[in-house]
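Here is how the chains run, residue by residue.
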Amino acid sequence: MMGTHKHTWMPCCKDATMLAEKQLQHQRLSLGQRIGLRLHLLFCIFCRRYVMQSRAIDKYLGNQTPQTEITPDESVKLQWETMIAERMKK
Amino acid sequence: MQVEKSPTTVQVSMTTANPTRWVKLYADDLFKFAVAKVADNGLAQDLVQETFLSALQALEQFRAESSEKTWLMAILKNKIIDHFRKSSKVPVTISIEEDKAGDSDPHHFFFNEKGHWRREMAPKAWVSGSSSQQDQVDFFTILRGCMNKLTSIGRKVFDLKYLEEKESADICKDLSISSSNYWVIIHRAKLQLRACLEKNWFSN
Chain A
1 MMGTHKHTWM PCCKDATMLA EKQLQHQRLS LGQRIGLRLH LLFCIFCRRY
51 VMQSRAIDKY LGNQTPQTEI TPDESVKLQW ETMIAERMKK
Chain B
1 MQVEKSPTTV QVSMTTANPT RWVKLYADDL FKFAVAKVAD NGLAQDLVQE
51 TFLSALQALE QFRAESSEKT WLMAILKNKI IDHFRKSSKV PVTISIEEDK
101 AGDSDPHHFF FNEKGHWRRE MAPKAWVSGS SSQQDQVDFF TILRGCMNKL
151 TSIGRKVFDL KYLEEKESAD ICKDLSISSS NYWVIIHRAK LQLRACLEKN
201 WFSN
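Protein chains in written order, with full-length UniProt numbering: chain A, 1 to 90; chain B, 1 to 204.
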């Protein structure tokens with residue numbers, strides 16, 4: 001990847017978080033990448049936090065799937081229907 | 001009742017939208033989508049209502065190629081994006097250096113030359129706040145504010161990914177960016193968003 005430092009078998013934080021990001025978005029990693037990421041996370045609390053928090057952010061951004069099936073009030077729907085009907089008359 | 005069109009059998013009668021059925025057929029789905037994105041029932045209701053109004057005004061622009069639902073959904077998505085844009089005056093702060101880092105080497109701001117976290121940028125443990133309704137709303141306001149601090153390309157990719165729910169490959173195609181470029185953008189936007197949330201919400 002990018003960067004000027006030497007790469008060893010273990011990815012640095014910058015690369016590890018990138019790999020983690022790919023994995024979070026369901027991108028397949030190579031075996032070597034998966035092992036490298038696992039090892040890195042084993043030793044690095046900051047990247048472990050990053051992964052947890054990044055996953056949480058995805059949840060907030062994407063589907064905050066409502067706990068219960070949520071639908072608009074019947075009264076609201078009625079209001080919408082009336083509104084549409086009135087505009088159609090014009 | 002819902003009219004499913006196969007491309008080979010487009011009939012003239014299907015080229016017109018039928019607004020009187022909208023609420024019955026689509027209100028629930030539109031509302032559900034809006035709530036999932038804005039996390040606020042009242043606001044979601046307003047957005048759906050505005051969607052219906054805009055759709056009525058633009059009836060003649062409706063084309064039979066897309067289903068009524070797809071069409072309404074597209075209008076709703078635009079309403080949501082507009083809303084996010086307008087609510088950008090949320091007081092979130094990001095550091096000046098980060099602002100200046102801009103396009104040069106954004107990663108440099110978070111990681112040192114060895115690729116390790118810079119001490120002041122390393123993720124801290126997040127204090128999870130209470131989950132009261134009001135707090136929820138406040139949190140999403142902050143999240144919105146942080147989204148608006150992203151670079152325009154980061155913002156664009158996030159909108160396509162999380163709002164339009166597009167696949168990575170399609171996003172690359174839409175924005176004509178390479179796949180490796182896409183991942184750099186995602187990674188960087190996530191780093192910025194994470195840091196912004198930590199600073200403005202998860203630290204006390």
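If you are wondering where the hints come from, they were derived from the structure by calculation, not from laboratory data.
A few of these clues could be false.
In silico DSS-like cross-links for lysine-lysine, where the CA-CA straight-line distance does not exceed 30 Å [claimed, not checked]:
no. : chain 1 : residue 1 : chain 2 : residue 2
1   : B       : K24       : B       : K69
2   : B       : K199      : A       : K89
3   : B       : K24       : A       : K22
4   : B       : K199      : B       : K77
5   : B       : K77       : A       : K89
6   : B       : K114      : A       : K89
7   : A       : K22       : B       : K156
We went through each hint and held it up to the structure:
1. B:K24 <-> B:K69: holds, 12 Å
2. B:K199 <-> A:K89: This hinted pair is violated, its Cα atoms lying about 53 Å apart.
3. B:K24 <-> A:K22: violated, 40 Å
4. B:K199 <-> B:K77: Roughly 29 Å separates the two Cα atoms, so the pair holds.
5. B:K77 <-> A:K89: holds, 27 Å
6. B:K114 <-> A:K89: Violated, because 69 Å separates the two Cα atoms, which is more than 30 Å.
7. A:K22 <-> B:K156: With a Cα-Cα distance of about 18 Å, the restraint between K22 (chain A) and K156 (chain B) holds, given a limit of 30 Å.
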